[in-house]
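Order-wise, the sequence lines are chains A and B. Counted the way our numbering counts, the first sequence spans residues 1 to 353. Counted the way our numbering counts, the second sequence spans residues 1 to 187.
It should be emphasised that the hints constitute simulated quantities derived from the structure, not laboratory data. Predicted, not measured: the structure shown is a model, and the values here were computed from it. Idealized CB from N, CA, C, for every residue including glycine. Treat the hints loosely; a few may be bogus.
Derived DSS-like pairs (lysine-lysine); straight-line CA-CA distance at most 25 Å [unchecked claim]:
#1 B:176 x A:281
#2 B:172 x A:215
#3 A:86 x A:281
#4 A:46 x B:176
#5 A:215 x B:129
#6 B:88 x A:215
#7 A:9 x B:103
#8 A:215 x B:122
#9 A:49 x B:165
#10 A:49 x B:158
#11 B:47 x B:158
#12 B:172 x A:46
#13 A:134 x B:172
#14 B:47 x A:49
#15 A:46 x B:139
#16 A:134 x B:176
#17 A:281 x B:180
#18 A:178 x B:88
#19 A:281 x B:165
#20 A:178 x A:223
#21 A:281 x B:172
#22 B:103 x A:19
Residues from chain A that face chain B, not an exhaustive set, calculated with beta carbons under 8 Å [unchecked claim]:
#23 59
#24 193
#25 195
#26 215
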Amino acid sequence: MPAESLDPKLVQEFLSFSKNVVDAPKLVPAPDEITLESTPFDVAYKEDKMRLLHFRPLVETKTGAAPLVISYAIINRFHILDIQPKKSWVRKLLESGIDVYMIDWGSPSNIDKYLDFDDYVNTYMDNCVDFVRKESQTNSISLQGYCTGGTISTIYSALHPEKVKNLVVTAPVIDGWKDTTVVSNIAKHIDVDNLVQTIGNMPPEFMYYCFSILKPFEQGLEKYYRFFKNIHDRDFVDSFLRVEKWLSDTPPIPGELFRQWIRDIYQENLLIQNKMYVGGKRIDLAKITMPIFIQIAVGDHLVSPECSMPLYYAVGSKDKTLRIYPVGHVGMIASSYSQKQILPELCQWLKEK
Amino acid sequence: MSQDVGQPAEYYKHVSLFWTDLLHLMSGKPVALASVGPMRNWANDMKKITAEVIESHEHIVEFNRRLSEYYNQLSETWMEAQKKVNAKATGLPNDSEQLEAYKRIWIDIFENDFTELFDSEKFGQNYGKLVASELELTKRWESILNIMLHSARLPTKKEIDEIYKELHELRKRVKKLERKEQDQNAG
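Pulled out of the complex, with its shape left as it was, chain A reads as follows (with noise of 0.2 Å):
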């Protein structure tokens, strides 16, 4: 193509492209040079390698109100609620003087293989639970989980309802057979006996593999795109930088906890149907008889709206609320709209309860 027929707009928006890339290193730091952890806070229990976090006061915590226990999920780590001050779930929990507590399930290695649904749900979160009620002085607390952290947080209160004043579940993972993403259809179709059986905990290769499968032309090449483009507007950049390390922060998953994981709950679809076991009991989510509070992202290529939503019909709870927002699985968390939005109207459930 002759270089007169260019038009020169496109001629400079590459000039200026490529000078971006080559600028990079010299605008912005290097991921290892990020600390993802903004709000202060004392680990206040810690068991094997979970650490329970509670975060310090911002403001005066307001008496009476049931302490806030956030279960964090499985895969990635806890950062992500808390991932810049702009942005941050738990501050936000905090300046409405929330006292909030968070789960770090820790980084599992090979001597951890073997546990399972119950450890983490009948030993770390009820010794989180009871540690908490004892240092508050409260009989029951207020329990969150976001993705596979809320169906923890769901099975938990369906076998301890007595402890959990009210429940928040945000994104969780309830009905497999429900659930429309890619995710779910790989699940559907792994050989997870033989793949538990032979590679004990899952790797978080197998994780960045679904990762760059979910949407791999807007997650893996136009947000990098987008990155380059605005190199010089810092917000952009300090929150681009931070969300990518978090992505590959992924500690491995228990085999145990991921055989029961996608058997149960994705494969045979136990949980919805009242037929799951844990520590040898059966969950019936009519048990959940607190006020809950129940969060979804239409736009979740994660954890699909239909997936989550059947739990708002199988609780036994009289009090229950159920939000539906226009974001996607992290937007609904870590986003200027859940900060004008979506906490807000948490913040407002909770103080009400």
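Given chain A's structure and the hints, the job is docking chain B onto it.
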């Protein structure tokens, strides 16, 4: 003695195992002189390792078949998506605004077509079998490692797994006992 070696893969396996066994038998007696030395172990191990390598052949074939199908599905989807982009973006002028529009069309169509592929039964089935064949190869590799570890009188993966399981059970029992004691003290 006649062997049913009609299939090429079976024939290959049979011939390989025949020579491995024969060489092992021929060399076994002189090597047995040093019955506690490394040479005897080495001779025994080589027979087992060779058998594992021969057995892994069919898994390599299956893995390659599934991997070819995997890339075939990707390339077919790519070609179809590109055709749709070409049909939709025909006649766009060559300026910067239209380049952005072209990029959007390209991403939307590719995203849609590839998500449809990744969501499909045929992709799920092939991917499941691809992973299964990788696992079979992993098992063969671990068997080879276990032979060498056993020979060096080191614990094998299976033995370490048994220890992990035992430790997990012990941790559980200790935690239950601790909790029981706490409850008794509190009561």
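Check: Going by Cβ atoms only, is residue 59 of chain A closer than 8 Å to chain B?
Finding: Because about 34 Å separates residue 59 of chain A from the closest Cβ in chain B, which is outside the 8 Å limit, the hint is violated.
Check: Is residue 172 of chain B within 25 Å of residue 215 of chain A, Cα to Cα?
Finding: Not OK: residue 172 of chain B and residue 215 of chain A at ~41 Å, beyond 25 Å, violated.
Next item on the list: For the pair supplied as a hint, residue 281 of chain A and residue 165 of chain B, confirm whether the alpha-carbon distance does not exceed 25 Å.
Entry: Roughly 22 Å between the alpha carbons, so the hint for residue 281 of chain A and residue 165 of chain B holds.
Item checked: Hinted pair residue 134 of chain A and residue 172 of chain B, Cα distance within 25 Å -> 22 Å, holds
Check: If you draw a straight line from the CA of residue 47 of chain B to the CA of residue 49 of chain A, is it 25 Å or shorter?
Finding: Given that 25 Å is the threshold and the Cα spacing comes to 43 Å, the pair is violated.
Item checked: Agreement of residue 86 of chain A and residue 281 of chain A with the hint, judged by alpha carbon distance not exceeding 25 Å -> 42 Å, violated
Notebook entry, point to check: For the pair supplied as a hint, residue 88 of chain B and residue 215 of chain A, is the alpha-carbon distance within the 25 Å limit?
Noted result: 21 Å, holds
Check: Taking 25 Å as the top limit, are the C-alpha atoms of residue 47 of chain B and residue 158 of chain B close enough?
Finding: Since the Cα atoms of residue 47 of chain B and residue 158 of chain B sit roughly 21 Å apart, the hinted pair holds (cutoff 25 Å).
Note to self: For the restraint on residue 195 of chain A, tell me whether the closest CB of chain B is nearer than 8 Å.
What the structure shows: 6 Å, holds
Next item on the list: Take the C-alpha atoms of residue 49 of chain A and residue 158 of chain B, compute the straight-line distance between them, and say whether it is at most 25 Å.
Entry: Since the Cα atoms of residue 49 of chain A and residue 158 of chain B sit roughly 24 Å apart, the hinted pair holds (cutoff 25 Å).
Checklist line | Hinted pair residue 281 of chain A and residue 172 of chain B, Cα distance within 25 Å | finding: The hint holds at about 17 Å.
Checklist line | Agreement of residue 281 of chain A and residue 180 of chain B with the hint, judged by alpha carbon distance not exceeding 25 Å | finding: 19 Å, holds
Going down the numbered hints, you'll see the structure goes against 2, 3, 14, 15, 18, 20, 23 and 24, while the others check out.
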